[in-house]
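Colleague: Numbering follows the UniProt record's numbering, in which position 23 of the sequence shown is assigned residue number 23; successive positions increment by one, without gaps.
Do not take every clue at face value.
[As the list claims (entries may be wrong)] What follows is a list of derived Cβ distance ranges for each label pair:
1) T129 with Q59: 18 to 26 Å
2) E156 with Q77: 20 to 28 Å
3) G91 with D55: 23 to 31 Å
4) A70 with Q92: 34 to 42 Å
5) D132 with A93: 20 to 28 Å
6) P163 with D217: 17 to 25 Å
7) G67 with D132: 20 to 28 Å
8) S134 with A114: 31 to 39 Å
Honestly, the hints are just simulated from the structure, not real lab data.
For every residue, glycine included, the Cβ atom is placed at its ideal position computed from N, Cα and C.
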Amino acid sequence: MSDLPSQPPQTPKRGTKGIVGLALLAGVLAGALGVYVMETRSGNASVAGTCPLKDGLRQSLDKAAHGEVAAVALLDQPIDVSHLAFKDANGQATSLGAMRGQSLLVNLWATWCAPCRAEMPALDELEKTAGDESFAVVPINIDMGDVAKPKGFYEETKLTALPFFRDETMGVFNELKKASVAVGLPVTLLVDAEGCAQAAINGPAHWSSPDALALVDVLKGSGSKG
Numbered sequence: 001m002s003d004l005p006s007q008p009p010q011t012p013k014r015g016t017k018g019i020v021g022l023a024l025l026a027g028v029l030a031g032a033l034g035v036y037v038m039e040t041r042s043g044n045a046s047v048a049g050t051c052p053l054k055d056g057l058r059q060s061l062d063k064a065a066h067g068e069v070a071a072v073a074l075l076d077q078p079i080d081v082s083h084l085a086f087k088d089a090n091g092q093a094t095s096l097g098a099m100r101g102q103s104l105l106v107n108l109w110a111t112w113c114a115p116c117r118a119e120m121p122a123l124d125e126l127e128k129t130a131g132d133e134s135f136a137v138v139p140i141n142i143d144m145g146d147v148a149k150p151k152g153f154y155e156e157t158k159l160t161a162l163p164f165f166r167d168e169t170m171g172v173f174n175e176l177k178k179a180s181v182a183v184g185l186p187v188t189l190l191v192d193a194e195g196c197a198q199a200a201i202n203g204p205a206h207w208s209s210p211d212a213l214a215l216v217d218v219l220k221g222s223g224s225k226g
């Protein structure tokens with residue numbers, strides 16, 4: 001981890017709500033509830049190009065981002081994240097592109113990040129409740145040590161619904177940081193069925209709350225919203 005940067009990357013902005021208020025809120029979340037992360041070398045490719053705007057989906061996501069998920073903010077421009085690569089539970093290479101066709105809630109976490117640990121049970125409950133052929137929670141662990149530690153956390157916390165993914169190079173985080181999407185941990189992306197990140201939050205959220213479920217319901221309909 002590193003000290004708080006003097007000028008952190010621009011946080012995602014909301015299209016129709018108070019931009020100044022959101023910036024302040026995002027700063028509080030990232031500083032007080034999240035953990036800032038130092039960039040490391042990695043072999044992950046840079047975040048690919050931008051995606052077409054889906055005005056209907058973005059308006060619906062913006063409207064649904066309230067209450068327990070009020071800090072979720074639309075990206076200024078959706079970005080293609082389908083190429084971002086990591087490993088599955090068996091150590092085999094995979095990517096977000098391999099999940100194309102499903103809407104995804106992609107969460108980057110680490111065992112040394114207290115807010116990450118705290119929200120994992122809620123993410124597990126979200127996957128139990130909302131996970132299906134059209135939607136999945138994709139938690140990507142970025143611990144750089146032995147894989148036994150994050151796998152042990154799954155066992156200790158009794159996470160039974162969440163799949164296990166890992167990027168010990170921190171490449172996914174670093175590329176999102178370069179794209180001014182990620183500041184620290186946890187960071188969560190809302191990705192549509194075409195592999196385009198539409199919104200993000202730096203900091204934890206109550207992902208098993210009714211507010212979060214309503215937001216996910218909007219995301220799950222992303223395949224039909226232009």
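Colleague: Evaluate each hint against the coordinates.
Modeller: Here is how each hint holds up against the structure:
no.	hint	verdict
1	T129 with Q59: 18 to 26 Å	holds (25 Å)
2	E156 with Q77: 20 to 28 Å	violated (40 Å)
3	G91 with D55: 23 to 31 Å	violated (41 Å)
4	A70 with Q92: 34 to 42 Å	holds (37 Å)
5	D132 with A93: 20 to 28 Å	holds (25 Å)
6	P163 with D217: 17 to 25 Å	holds (21 Å)
7	G67 with D132: 20 to 28 Å	holds (23 Å)
8	S134 with A114: 31 to 39 Å	holds (32 Å)
Checked against the numbered hints given earlier, the structure breaks hints 2 and 3 and satisfies all the rest.
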